[in-house]
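Letter by letter, the chains look like this.
Protein chains: 2
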Amino acid sequence: MAGAQQRRVCFLLKVRADRLAEYRERHAAVWPDMLAALSAAGWRNYSLFLRDDGLLVGYLETADFAAAQAAMAASDVNARWQAEMVPFFEALDGAAPDAALYPLTEVFHLD
Amino acid sequence: MAGAQQRRVCFLLKVRADRLAEYRERHAAVWPDMLAALSAAGWRNYSLFLRDDGLLVGYLETADFAAAQAAMAASDVNARWQAEMVPFFEALDGAAPDAALYPLTEVFHLD
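Residue numbers (the numbering used here), protein chains in the order written: chain H, 5 to 115; chain G, 5 to 115.
Keep in mind that the hints were calculated from the coordinates and are not lab data. From a predicted model like this one, the values you see are computed outputs, not experimental measurements. Even glycine gets a Cβ: it sits at the ideal position worked out from N, Cα and C. Among the hints, a few may not be true.
Just some of the chain H residues that point at chain G, by a computed CB distance under 7 Å [claimed, not checked]: (1) 11; (2) 12; (3) 38; (4) 42; (5) 50; (6) 54; (7) 55; (8) 61; (9) 63; (10) 79; (11) 82; (12) 90; (13) 93.
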């Protein structure tokens, strides 16, 4: 999809207050094959930001977020990564973290 | 600062639940001189995302956020814009919205 219009996506999750340090450590050393899978699935300029209380903000750019999510959902390495991430999060109601990403509405943009 | 390394900044604010519709409308029509001031101050790829309950996420890229904030704080149009925005926000404790931007910690990035 070279040259496809990129869309901006922002989502929120909540990391458990007692797991913040370990969450940071894990994300400073994400598996290389997980990074490769994200890139192959079209996740670009992807950042995670953490507030001290565990509120987590995700931001990425991609041509089609539903397609980018589906491509990750079909990836073996993602299934292994998400299974290890589940215990870090609050309030997933049994979902994998990557199945609980609800994009917020973009209300302003300046290039 | 052409070619300067861009840093990613994420911040949160809270829009009053009873002012969400008007907040959206105002941000669909930001004054052109406010947009020009942001660009001149080095705010790049700047987006605002709104959750239904009023939680607002800001994301931007800039070479030096403190300098980018200071440049806006010195701008007349920003003073007028922020004065109009104050009533839209919760919990500013008397601060202007642009003086209440506390960057979250980036814990992960993939280009």
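Outcome of the hint check:
Taken as an interface hint, residue 11 of chain H does not check out: its beta carbon lies about 11 Å from the nearest beta carbon of chain G, beyond 7 Å. With a cut of 7 Å, the hint placing residue 12 of chain H at the interface with chain G holds, because the nearest CB-to-CB distance is about 5 Å. Interface restraint check: residue 38 of chain H against chain G, minimum CB-CB distance 9 Å, threshold 7 Å, status violated. Taken as an interface hint, residue 42 of chain H checks out: its beta carbon lies about 6 Å from the nearest beta carbon of chain G, inside 7 Å.
For residue 50 of chain H, the interface hint holds, the least distance from its beta-carbon to any beta-carbon of chain G being 5 Å, beneath 7 Å. The interface hint given for residue 54 of chain H holds, since its Cβ lies 5 Å from the closest Cβ of chain G, which is under the 7 Å cut-off. Because the closest C-beta pair between residue 55 of chain H and chain G is about 5 Å apart, less than 7 Å, the hint holds. Against a cut-off of 7 Å between C-beta atoms, the interface hint on residue 61 of chain H holds, since the closest Cβ of chain G lies about 5 Å away.
Interface hint status for residue 63 of chain H: upheld, as the beta-carbon distance to the closest one in chain G is roughly 5 Å, under 7 Å. Nearest Cβ of chain G to the Cβ of residue 79 of chain H: about 14 Å, over the 7 Å cut. The hint is violated. With 7 Å as the threshold, the beta carbon of residue 82 of chain H stays out of range of chain G, its nearest partner Cβ sitting at about 13 Å, so the hint is violated. The restraint placing residue 90 of chain H at the interface with chain G is violated, with a minimum CB-CB distance near 17 Å, outside the 7 Å limit.
The restraint placing residue 93 of chain H at the interface with chain G is violated, with a minimum CB-CB distance near 14 Å, outside the 7 Å limit.
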